[in-house]
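Whenever a hint applies, use it, and build me the whole structure from the sequences.
First to last, the sequence lines map onto chains G and R. What the first sequence shows, in numbering that gives the first Met the number 0, is residues 0 to 187, in sequence order. What the second sequence shows, in numbering that gives the first Met the number 0, is residues 0 to 189, in sequence order.
Be a bit skeptical, because a hint or two may be false.
Under the rule of at most 27 Å between Cα atoms (straight-line distance), these lysine-lysine pairs were calculated in the DSSO-like manner [stated by the list, open to error]:
1. K12/R - K24/G
2. K75/R - K24/G
3. K91/R - K152/G
4. K140/G - K87/G
5. K13/G - K5/R
Bear in mind the hints are in silico, worked out from the structure with no lab data behind them. Computed from a prediction, not measured in an experiment: that's the story for all the values here.
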Amino acid sequence: MRSFELTYAEGHLKLCLEGIQPEIKQLENGSYCLSFHPNNNDIFEAVLDSATLQELGRACVPHIRMPAVFRTTPETEKTFRQRAFFIKELSDLSIQRILRELCCVTVEIFLWYMKDAELMRKILRNMSQLAAEMVMRDIEKSWEGHDPDTANKVHICSGREAVCDVLEVVERLSAEKQIEIDQRERLP
Amino acid sequence: MIANPKPFLSLSKESHGIEARIEGCTAFHLRGEKSFFTLSFEVDGSRVDVELNAVTLRTLGLQCIAFFQTLAPHLKIDGIETMYRKQAEWIKELDPRSIQILLKELQFDTLLYALWYMKDSELMRKIIHGMPFYYAEILIEDLAHWMGSNPDFASIEDRRRGRSAVQEVTDTASRLMAEGQIEEYFGEMQ
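If you want it as C-alpha cells, here you go:
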C-alpha cells in the first residue's frame with residue numbers, strides 16, 4: 000500500500016508518495032511545514048504560508064471521501080427501482096425500440112434487479128422467442144438465489160448501474176421523439 | 000506581517016537518506032481524480048510533482064481542515080487527533096463476523112494502542128465482544144492502565160504510536176476487504 004520513489008532530472012523533481020501519511024506542523028513564524036517521512040531516512044518537506052495551506056486544503060476538500068461500510072435495506076434499493084417502474088407502462092413499440100439499444104447483459108441484470116414479474120413479462124414479450132429464452136436461461140444461471148436486496152456490493156452495484164443504463168436510453172429516445180413517455184408515470 | 004522568502008528547492012543526499020525541501024511557494028496545482036493525484040509546485044524555475052493516492056490526499060485534506068475548520072465545518076474536525084480518528088470511524092460499522100476476522104490479523108499491542116487512541120466506547124464494546132473471553136479480559140485489564148491518560152494530551156511519541164496503530168487497523172481492514180475476506184465497504188461519505 001505504501002510506495003515511495005524520488006527522481007530528479009533537469010529541474011524536475013518527481014516524488015511518488017502513495018500511502019505515505021503527511022504531517023502538518025505549525026512553525027514558530029506562523030507558517031506551516033508539510034512533511035512526508037516515507038521511511039526513517041528520507042524526508043520531503045514543504046514550508047507553506049497560512050494562505051497557501053488554506054488554499055491547498057480547499058483544493059483537497061472536494062476529493063475527500065470518507066470510507067463507509069456498505070449498508071443497504073430493501074427500502075433503499077426500492078428507491079433505485081422506483082425510477083424505472085414506469086417502463087412497464089410504455090407501449091410495446093417503445094419497449095422494442097428501447098431493447099434495440101441495450102445489450103443483452105444489461106437487460107438481464109436490469110430484470111433481475113427490478114424484481115418485478117409484470118415488467119419482466121412485458122420485456123420478454125417484446126423479444127423474439129429465442130432471445131427471451133436465452134435471457135431467461137442466463138438470468139436463472141447467473142442470478143438464481145441472489146436477492147437484489149441482500150446481494151453483495153458488486154451485484155447490487157451492477158443492478159443499480161443497469162437501471163441507470165436503461166433510463167439513459169429511455170431518456171435519449173424520448174428526447175429524440177423515438178418513443179413517447181406519459182410524463183405522469185415518471186418520478187421527478 | 001512576514002514577507003515570503005524567495006521560493007527555493009533544496010535537495011540533498013546524505014548517507015542517511017534524501018532530503019527534499021521547498022520553501023516560500025505560494026502557488027500550486029492539484030490535478031487528478033478518484034484514486035491518483037498530482038500536486039505540483041513551481042519553485043524558482045524547477046518543478047516539483049508530488050504523486051499521491053486518494054488515501055494520502057484525504058489525510059492531507061483532513062489535516063488542513065484540522066488547522067482551518069471553516070474549510071469543511073460539516074466534518075467536525077477540531078484537531079489533528081480527531082482527524083486521525085475520523086478516518087477509522089467506519090471500523091465500528093463492520094459486522095461482528097468481520098470484526099472477528101480483523102482481530103485475528105492484528106497484533107495485541109496494535110489493538111491496545113488503537114483502542115486507547117480512538118476513545119470510542121462503541122468501538123471498544125464491539126471489539127471486546129468479538130474477542131475470546133480470555134483475551135478480552137487481558138485487553139480490558141491492560142486498557143485500565145491507560146485510563147486517565149487522555150491520548151489528546153499524551154506525549155507526541157505515544158500519540159504517534161496511537162496514530163500508526165489506528166492506521167494499521169484501517170489498512171488491515173481495507174486489505175481484508177480487497178481480498179474479499181470481510182464485508183466490503185461501499186460508497187463513501189462526504
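Unsatisfied constraints (hint numbers, rising): Hint check: nothing fails, all pass.
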